[in-house]
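A.B. asks: The listed protein sequences derive, respectively, from chains Z and F.
The numbering of the first sequence is this note's numbering, which starts it at 1 and goes up by one.
The numbering of the second sequence is this note's numbering, which starts it at 132 and goes up by one.
Some clues are possibly wrong.
One-sided excerpt, in silico: chain F residues whose CB lies under 7 angstroms from chain Z [claimed, not checked]:
{"no.": "1", "residue": "282"}
{"no.": "2", "residue": "315"}
{"no.": "3", "residue": "320"}
{"no.": "4", "residue": "338"}
{"no.": "5", "residue": "340"}
Below, computed lysine-lysine pairings styled on BS3-like, alpha-carbon distance capped at 30 angstroms [as the list claims (entries may be wrong)]:
{"no.": "6", "chain 1": "F", "residue 1": "378", "chain 2": "F", "residue 2": "181"}
{"no.": "7", "chain 1": "Z", "residue 1": "103", "chain 2": "F", "residue 2": "324"}
{"no.": "8", "chain 1": "Z", "residue 1": "67", "chain 2": "F", "residue 2": "378"}
{"no.": "9", "chain 1": "F", "residue 1": "269", "chain 2": "Z", "residue 2": "117"}
{"no.": "10", "chain 1": "Z", "residue 1": "128", "chain 2": "F", "residue 2": "378"}
Chain F is nowhere near these chain Z residues, computed Cβ spacing over 10 angstroms in every case [said to hold, decoys possible]:
{"no.": "11", "residue": "3"}
{"no.": "12", "residue": "4"}
{"no.": "13", "residue": "6"}
{"no.": "14", "residue": "7"}
{"no.": "15", "residue": "9"}
{"no.": "16", "residue": "10"}
{"no.": "17", "residue": "14"}
{"no.": "18", "residue": "18"}
{"no.": "19", "residue": "20"}
{"no.": "20", "residue": "40"}
{"no.": "21", "residue": "44"}
{"no.": "22", "residue": "46"}
{"no.": "23", "residue": "62"}
{"no.": "24", "residue": "99"}
{"no.": "25", "residue": "107"}
{"no.": "26", "residue": "112"}
These are computed hints drawn from the structure, not numbers from a lab.
The beta-carbon is built from N, C-alpha and C at its ideal position, and this holds for glycine as well.
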Amino acid sequence: MYNGGKIILGIVIFLALAAYPFFGDIGKANVTPEPNLDTPEIRKLEEKKCVEPEEFMKAEHMSLLNKWRDLAVRDETTVYVASDGDRYKISLQNTCMRCHSNKKEFCDKCHEYTGVKPYCWDCHLAPKEGK
Amino acid sequence: MGIDRRDFLKMAGASAILAIGGLTIVEDITKDIAQASEFTPESGAITAGKWAMVIDVAKFKTEDDYKRVINACNSIHNIPVIDDPKSEVKWIWTDSFEHTFPEQQEEVHMKESLKEMPFLLLCNHCEHPPCVRVCPTKATFKRSDGIVMQDMHRCIGCRFCMAGCPYGSRSFNWTDPRPHIKEENPDYPTRMKGVVEKCTFCTERLAEGLEPACVEASNGAMVFGDITDANSEIRKVLNEAYTIRRKPELGTGPKVYYVMGGADNA
């Protein structure tokens, strides 16, 4: 009448399916990405630094880029003065990507890991890389 | 077991205090960056009260004269070459006298032979741009120096601006432009399917102290300058030569002037 066995089997199957995404990922994709900083431009730098401090760049580069594009396109401002006083031309292709010319080994490494797909590259030309 | 109302309120209060504390720390960090950094226009930039352009029609003599100017723009701005006129993309192009000055056929006094020539057309960077009025996202707007700019990041491809523009200066990307770009300029972006684009008077070059690419390639047949500066070259040209603008009767205030070479004839 109550089919206890079947219900329990059903529950077990349901739990297995529901938990699959967790178990299935064990051992996979858990390696934190290590963006590669070895590019010709960066090798040339005396002091290996980005536009802003590393921690800020890690957390806020997307907001910085957003600010940059409004400044350059809408506010007629094309030079960025960083917090340490250094000046940079505001440009995704001609500034960020000139240093980080290894987009696949750098930007893409993190973005694939976190599942972000910036649509910038529909228009902005990515640096030419081998492979 | 379980928590009573008082415990719950205490916990809520404590976590609120923690949250506010945490927030101010984050704010302090971002404020530091924002305060320390500032933005300045490029020091080597050329600026103007209002940019304008003069095209000396008689100085375009051969097919090559047009091609050189148009190709300078196309190659710098990654403009696709699409043969189908329905989906072509153009920033600067040519058309016949009739199409360029439809309402001014009678009033224009110039050599008949010049009327047979193609005329160079581009965005007029109007003083009262209808495209700006109709754009629902402010993707197109007028800068302080009069340039009508197109912010590709805000364009939703509604094409109201194309309907608003009486000069046909805007093109829609019906297809992915990249396969149609002969040689990509790695320093400038392309566009993508679904956005509208047009001439920007080379804002990216002005920021570096350079004249627009077409003007540079024109060997003096085009003059670019500040129309609010009485001593500028463009004002001298405008004072001396007979010039007309496209469709002035519409009141858009175009800032591209055509020297019609009437003087030789008169």
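A.B. asks: Against each hint, give a clear statement of whether it holds in the structure.
C.D. replies: Quick rundown of the hints versus the structure:
{"no.": "1", "hint": "282", "in the structure": "5 angstroms, holds"}
{"no.": "2", "hint": "315", "in the structure": "6 angstroms, holds"}
{"no.": "3", "hint": "320", "in the structure": "4 angstroms, holds"}
{"no.": "4", "hint": "338", "in the structure": "4 angstroms, holds"}
{"no.": "5", "hint": "340", "in the structure": "11 angstroms, violated"}
{"no.": "6", "hint": "F:378 <-> F:181", "in the structure": "20 angstroms, holds"}
{"no.": "7", "hint": "Z:103 <-> F:324", "in the structure": "23 angstroms, holds"}
{"no.": "8", "hint": "Z:67 <-> F:378", "in the structure": "38 angstroms, violated"}
{"no.": "9", "hint": "F:269 <-> Z:117", "in the structure": "25 angstroms, holds"}
{"no.": "10", "hint": "Z:128 <-> F:378", "in the structure": "45 angstroms, violated"}
{"no.": "11", "hint": "3", "in the structure": "35 angstroms, holds"}
{"no.": "12", "hint": "4", "in the structure": "31 angstroms, holds"}
{"no.": "13", "hint": "6", "in the structure": "36 angstroms, holds"}
{"no.": "14", "hint": "7", "in the structure": "30 angstroms, holds"}
{"no.": "15", "hint": "9", "in the structure": "34 angstroms, holds"}
{"no.": "16", "hint": "10", "in the structure": "32 angstroms, holds"}
{"no.": "17", "hint": "14", "in the structure": "30 angstroms, holds"}
{"no.": "18", "hint": "18", "in the structure": "28 angstroms, holds"}
{"no.": "19", "hint": "20", "in the structure": "34 angstroms, holds"}
{"no.": "20", "hint": "40", "in the structure": "15 angstroms, holds"}
{"no.": "21", "hint": "44", "in the structure": "19 angstroms, holds"}
{"no.": "22", "hint": "46", "in the structure": "21 angstroms, holds"}
{"no.": "23", "hint": "62", "in the structure": "13 angstroms, holds"}
{"no.": "24", "hint": "99", "in the structure": "15 angstroms, holds"}
{"no.": "25", "hint": "107", "in the structure": "16 angstroms, holds"}
{"no.": "26", "hint": "112", "in the structure": "21 angstroms, holds"}
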